[in-house]
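Enquirer: Chains A and B, in that order, are what the protein sequence lines are. Add 15 to the 1-based position in the first sequence for the working numbering, that's all there is to it. Add 90 to the 1-based position in the second sequence for the working numbering, that's all there is to it.
Calculated from the structure, these hints are not laboratory results. Treat the hints loosely; a few may be bogus.
Computed spacing ranges between beta-carbons, pair by pair [to be verified]:
{"id": "1", "chain 1": "B", "residue 1": "348", "chain 2": "A", "residue 2": "86", "range": "54 to 64 Å"}
{"id": "2", "chain 1": "B", "residue 1": "253", "chain 2": "A", "residue 2": "155", "range": "32 to 42 Å"}
{"id": "3", "chain 1": "B", "residue 1": "282", "chain 2": "A", "residue 2": "102", "range": "23 to 33 Å"}
Because the structure is a prediction, the values reported are computed rather than measured. Think of the CB as a built atom: it goes at the ideal place given N, C-alpha and C, for glycine as much as any other residue.
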Amino acid sequence: MSLLASAQKVLPGLLGGYMRPHGRDVLQLRPLRQPSVAWKTVGEDNLVILTVSRRQDPWSNFAARVFGIPLTRNIELTDEISSFVWTCCDGDHAVADIAMEICKRYKLNKRQSEVSVLTFLKTLQTKHLIGVPAEQARSYKQASQANPASRAQAADARKEVGYYAGRKRSGKRTR
Amino acid sequence: MMTARTAEQTIGWQGITLQVYDDWSVVGFGGDSHLGSMRIDSGDDSSAIAGLEIRWSEAKGKQTEQSLEARIKPLLRGIVKDAKKNSVLSEPVVKPFRDAVYSDRDVSIDFKWTAGRAGHGRIFHCGECGRIVVVQAYGNPGGEFIKRSKTVLDSVQCHSGARDYVTWGLYGLLLDVPADFELTYQQLMNVYLQLKFQRKNSTDQLMVEQWSLANVQLKGAYLDEWYELKSVGWTDGVRSEKSESAVKDHPALAVNGRRSDLAAVLVDSARQYSKLRLPALNYAGLLWECPESNKAYMIQSFTRRPEERLVRQCSESTVCHRSGDVIVKVGGQG
Numbered sequence: 016m017s018l019l020a021s022a023q024k025v026l027p028g029l030l031g032g033y034m035r036p037h038g039r040d041v042l043q044l045r046p047l048r049q050p051s052v053a054w055k056t057v058g059e060d061n062l063v064i065l066t067v068s069r070r071q072d073p074w075s076n077f078a079a080r081v082f083g084i085p086l087t088r089n090i091e092l093t094d095e096i097s098s099f100v101w102t103c104c105d106g107d108h109a110v111a112d113i114a115m116e117i118c119k120r121y122k123l124n125k126r127q128s129e130v131s132v133l134t135f136l137k138t139l140q141t142k143h144l145i146g147v148p149a150e151q152a153r154s155y156k157q158a159s160q161a162n163p164a165s166r167a168q169a170a171d172a173r174k175e176v177g178y179y180a181g182r183k184r185s186g187k188r189t190r
Numbered sequence: 091m092m093t094a095r096t097a098e099q100t101i102g103w104q105g106i107t108l109q110v111y112d113d114w115s116v117v118g119f120g121g122d123s124h125l126g127s128m129r130i131d132s133g134d135d136s137s138a139i140a141g142l143e144i145r146w147s148e149a150k151g152k153q154t155e156q157s158l159e160a161r162i163k164p165l166l167r168g169i170v171k172d173a174k175k176n177s178v179l180s181e182p183v184v185k186p187f188r189d190a191v192y193s194d195r196d197v198s199i200d201f202k203w204t205a206g207r208a209g210h211g212r213i214f215h216c217g218e219c220g221r222i223v224v225v226q227a228y229g230n231p232g233g234e235f236i237k238r239s240k241t242v243l244d245s246v247q248c249h250s251g252a253r254d255y256v257t258w259g260l261y262g263l264l265l266d267v268p269a270d271f272e273l274t275y276q277q278l279m280n281v282y283l284q285l286k287f288q289r290k291n292s293t294d295q296l297m298v299e300q301w302s303l304a305n306v307q308l309k310g311a312y313l314d315e316w317y318e319l320k321s322v323g324w325t326d327g328v329r330s331e332k333s334e335s336a337v338k339d340h341p342a343l344a345v346n347g348r349r350s351d352l353a354a355v356l357v358d359s360a361r362q363y364s365k366l367r368l369p370a371l372n373y374a375g376l377l378w379e380c381p382e383s384n385k386a387y388m389i390q391s392f393t394r395r396p397e398e399r400l401v402r403q404c405s406e407s408t409v410c411h412r413s414g415d416v417i418v419k420v421g422g423q424g
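Just chain A, with the same shape it has in the complex (with noise of 0.2 Å):
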């Protein structure tokens, strides 16, 4: 491992070591239900109640009992947005697909889908309730590593793109 590279893993976000997924590599992700994760539809919407339990070491059930935490807790999604995307989490539908599937049902535009599909997904598995199939996050990681500097030249490519390369930006950022 180079120097430069050690460096990256300790400093990520310096030196462009930061590996910072593309968004069409996020797009083509599949994302996966927790398996200890119970849920169910309600209703004619199809809402979806998720079920989860904590967990149950003896350090957990130690202080389950002192704080009264129960066994399990239920999430409840309540539109038939979320609850659609957590029934699709299924390994087979690709974000992109799921994404694609909400604009057309909703109307929405491309980018306000995936923005939509994204931020939930996200939500999601911040709470550990979603995850990627072991193989497709090792081949994904393998490929990020493979070119440990790709951030740097998709820096180096939005440089190029016009005139506002290398110039400080009076624009606000939308979304």
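Dock chain B against the given chain A, drawing on the hints supplied.
Expert: Coordinates of chain B only, in the frame set by chain A:
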């Protein structure tokens, strides 16, 4: 008001309008109608045109080809410098031309460059609105880039045909607002847009809102219930009357009233009279749902004198759906 175009979506911001493909969207903007910029992204780096940049600024005095060339020189110099750094050949081509489509433009200059990527831009000075506009498309060289970029550049207008109105359009919203209203605030969220305008040198205000996913948001609610929910804050202290109406064949809720909360009226009146301005106490609002585009719209105004016409004109100019749009039923089955 607009010339015939082949592309599918109109983007309008601070008087600049252009036609772009349907999946393009505004990703950045800044400034006001006198000096500003906007960036539009196609969302796909591999497409012929990856994006578009527009800048405008007011310019006093007569503009010549030389003065416009001087303005784009730093841009082209920067591109050549970057190209040399990356060992890519670049030969910018600058060519003045007579704009046959827009006769009100004093000078127009086309420029093209290739430096890994390709760029095609235009700089022009409009004698009518007094602005210099620089617009540049960039993308992948070869293929249909030049053909497509020309189509987009040809569609750029710096003022609308009807001088009394300014076209505002982005993220599916498209309407005409009287030209004497200036944008004072905007909220651009993924499925919700809000534009607030204020009439120059007065207290008159206009607010335009658009909600996507109307079939999910409005589900089970009548328009008047939804209005009560969504107008909280702006219409506090307004005594109003609601009536049924229609906008573009869609059932709508019309609301007219006047601010009657004594404390608020006194405070507002005192503040405005101290600036020698009349307070805007008359309220008008119009809310409707468009099932074809699955969007809901609300236009509200506070004016000094009762002016229901303002809201009505804005709503009639709103393009809420296009012919051929299919109604989305509740439950999402298209």
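Enquirer: Next step is simple, just say for each hint if it's right about the structure.
Expert: Comparing the hints with the structure gives:
1. A hinted range of 54 to 64 Å for the beta carbons of residue 348 (chain B) and residue 86 (chain A) is consistent with their spacing of about 58 Å.
2. Evaluation of the 32 to 42 Å hint for residue 253 (chain B) and residue 155 (chain A) yields a failure: the beta carbon distance comes to about 55 Å.
3. Between residue 282 (chain B) and residue 102 (chain A) the C-beta distance comes to about 25 Å, which sits within the given range of 23 to 33 Å.
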